[in-house]
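Visitor: Residue-level listing of the chains:
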Amino acid sequence: MKKREKRGHRVRLLRLAVAVVLFFVIIVVSFGQQEFSVISKLGLEVTGTVQSLSTGVIGYFSEILAGYRELINVREENRRLRAELRWRQAATSQYLEAVATNVRLKELLGLKENLPDPTITARVIGRDPSLWFKTLTIDRGSSDGLKRGMPAITSEGIVGQVINTSPNYARILLAHDPNSAIDVIVQKNRIQGIIRGDGHEFILHYVLRNSDVEKGDPLITSGLGDVFPKGVSVGRVSEVVHSPRGMFQHIRVTPAVDFSRLEHLIIIMRKSSLTE
Amino acid sequence: MIPVFFGLGLLLLAIQTTIFHLMPAWLGRPDLLFLLLVFIALYCEPFRGLILTLLLGLLVDVLSGIYLGVIPLVYLLFFLGTKALTRHLALQDSINQVHVVVVGFLTTTAVGHLLTSLLAPEYYQLWNWSLLLQNLVILSVICLPFLHLCHHLQRLIGGTPPLSVLTFLSFKRRSSSANRFKS
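Protein sequences, first through last, are from chains H and Z.
Sequential numbering of the first sequence, starting at 1, is according to the numbering used here.
Sequential numbering of the second sequence, starting at 1, is according to the numbering used here.
Keep in mind that the hints were calculated from the coordinates and are not lab data.
Since we're looking at a predicted model, the values are computed, not measured.
Be aware that a few hints might be false.
In silico lysine-lysine, DSBU-like type, Cα no more than 35 Å apart, as pairs [stated by the list, open to error]: (1) H:K6 / Z:K83; (2) H:K106 / H:K147; (3) H:K41 / H:K147; (4) H:K230 / H:K147; (5) Z:K83 / H:K3; (6) H:K3 / H:K41; (7) H:K106 / H:K230; (8) H:K41 / Z:K83; (9) H:K188 / H:K230.
The following label-pair restraints were derived from C-beta to C-beta distances [said to hold, decoys possible]: (10) H:P118 / Z:H152: 19 to 29 Å; (11) H:F24 / Z:S117: 19 to 29 Å; (12) Z:W26 / H:R69: 31 to 41 Å; (13) Z:I2 / H:E35: 45 to 55 Å; (14) Z:A110 / H:F61: 33 to 43 Å; (15) Z:S117 / H:V103: 25 to 35 Å; (16) H:A17 / Z:A110: 22 to 32 Å; (17) H:S62 / Z:H88: 28 to 38 Å; (18) Z:F47 / H:F61: 36 to 46 Å; (19) H:D198 / Z:V4: 38 to 48 Å; (20) Z:G158 / H:V11: 19 to 29 Å; (21) H:G145 / Z:H88: 41 to 51 Å.
Glycine included, each C-beta is placed from N, C-alpha and C at the ideal position.
Based on the sequences and whatever the hints tell you, model everything.
Guide: This is how it looks when you write it as structure tokens:
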């Protein structure tokens, strides 16, 4: 009886040891992969579906709540919006006229029209569960044409880049993550630098000490590296520190985008050297 | 048991990645999945616990971070370490559960950070003491009710076969006597 018990215990231990070794092998094989494996893609599909459902339910209740709130002062807002609409219509008419003139002049000059890259909108369905990385999940994936390296923006400015995709979902590395680096220029004098995130805002690197950068200066993407299109808003300089040593200034930048309130993004489907 | 706790883990992960981010940051975003891992490491049978830990680790790995493979490894090490300690120390006592959660969370976070730094020095990883301490306080406060809830769930699914939950809720069938004239 005791022998049988001992044997059973040994078999259990052996089974457990085999499982541990097997699991370690699975994990070690997946180490450091840049692209998602089939298991990871399946994982993102499963979690993405649950996140999408959860976001949908939250959105439904938020809309009901927002509806009640918006009822207050709705007449006054309606009047204001009508006035704004009239102004916008006038502006649009002027804009269309300017575009028509531009096209005519381009034709006259024989310039080749530069077509913009196609875009796709995506809904944010989840955020990074850890405290240490700044990523989010969107409801568009490789079946929509998304690829690693494609830039994500909003009407306010840059958001980040696609880092992983599964057929229906993708993950975005936000621009304020320390692993993100974007080439930018100061709009007023075209001084170039690279912004990196610190989890909350950006730090502008490699700006020489004698460069003229002041608090409040707007930054835009430089277009170098062929990832982000040129001229997208990045943020404004919030602090400039001239340290007595070193070649460069220490510059902090407030992002143009509020990363905590992102709901919808625009993915620019441009092929760059980073796009795989 | 594995599908139920895997489903619970998935649900907790969805809550952490969606609902918690809609709430103000000062309220904190506790790592509820870690509490589930503590429960699995303390009370689940080793083989099933191992599978659950790996599956949940792979899920978190997909949603968090940019260097794949570190989180499942850290979770697995935590599971094996806690299981080994449980054989010698009374970690399953309710007083010690708080210590396991606090020490375990600090250790797993530090090991994860260390592993990422060693395996991928080109990647930067944030380290924020205030967020870490806030998370620790919240986890230590909610860990006992959470683990109690998990115990209840385990009893519910472990004691009876899956479908008998329904019969448990329904009325008991009266045993009929062979003598139909007996009142």
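Visitor: Take the hints in turn and mark each one as holding or not.
Guide: Against the structure, the hints come out as follows:
1. Distance restraint check for K6 of chain H and K83 of chain Z: the Cα-Cα separation of roughly 20 Å lies within the 35 Å cut-off, and the hinted pair is therefore satisfied.
2. As the CA atoms of K106 of chain H and K147 of chain H are separated by approximately 33 Å, the hinted pair is consistent with the 35 Å bound.
3. At roughly 14 Å between alpha-carbon atoms, K41 of chain H and K147 of chain H fall within 35 Å of each other, so this suggested pair holds.
4. Of the supplied pair hints, the one linking K230 of chain H and K147 of chain H holds, its CA atoms being roughly 20 Å apart against a limit of 35 Å.
5. At roughly 25 Å between alpha-carbon atoms, K83 of chain Z and K3 of chain H fall within 35 Å of each other, so this suggested pair holds.
6. The suggested pairing of K3 of chain H with K41 of chain H is violated, with an alpha-carbon distance near 47 Å, which exceeds 35 Å.
7. About 21 Å separates the Cα atoms of K106 of chain H and K230 of chain H, which keeps this hinted pair within 35 Å; it holds.
8. With a C-alpha separation of about 30 Å, the suggested pairing of K41 of chain H with K83 of chain Z holds against the 35 Å cut-off.
9. Taking the CA atoms of K188 of chain H and K230 of chain H, the gap is about 15 Å. The hint holds against a cut of 35 Å.
10. A hinted range of 19 to 29 Å is violated for the C-beta pair P118 of chain H and H152 of chain Z, which are about 52 Å apart.
11. Taken as a hint, the range 19 to 29 Å holds for the pair F24 of chain H and S117 of chain Z, whose Cβ atoms sit roughly 20 Å apart.
12. Between W26 of chain Z and R69 of chain H the CB atoms are about 22 Å apart, so this pair departs from the stated range of 31 to 41 Å.
13. Our hint of 45 to 55 Å for I2 of chain Z and E35 of chain H is violated, since their Cβ atoms are close to 28 Å apart.
14. Between A110 of chain Z and F61 of chain H the beta carbons are some 38 Å apart, a value that agrees with the proposed interval 33 to 43 Å.
15. Judged by the Cβ atoms, the range 25 to 35 Å given for S117 of chain Z and V103 of chain H is violated: they are separated by roughly 55 Å.
16. For the pair A17 of chain H and A110 of chain Z, the supplied restraint of 22 to 32 Å holds, since their beta-carbon distance comes to about 27 Å.
17. For the pair S62 of chain H and H88 of chain Z, the supplied restraint of 28 to 38 Å is violated, since their beta-carbon distance comes to about 50 Å.
18. At roughly 41 Å, the beta carbons of F47 of chain Z and F61 of chain H sit within the given window of 36 to 46 Å.
19. Restraint check, D198 of chain H to V4 of chain Z: a C-beta distance of roughly 41 Å satisfies the suggested window 38 to 48 Å.
20. For G158 of chain Z paired with V11 of chain H, a C-beta distance near 23 Å keeps the hint of 19 to 29 Å intact.
21. Our hint of 41 to 51 Å for G145 of chain H and H88 of chain Z is violated, since their Cβ atoms are close to 56 Å apart.
In summary, the structure is inconsistent with hints 6, 10, 12, 13, 15, 17 and 21 from the numbered list given earlier, while agreeing with the others.
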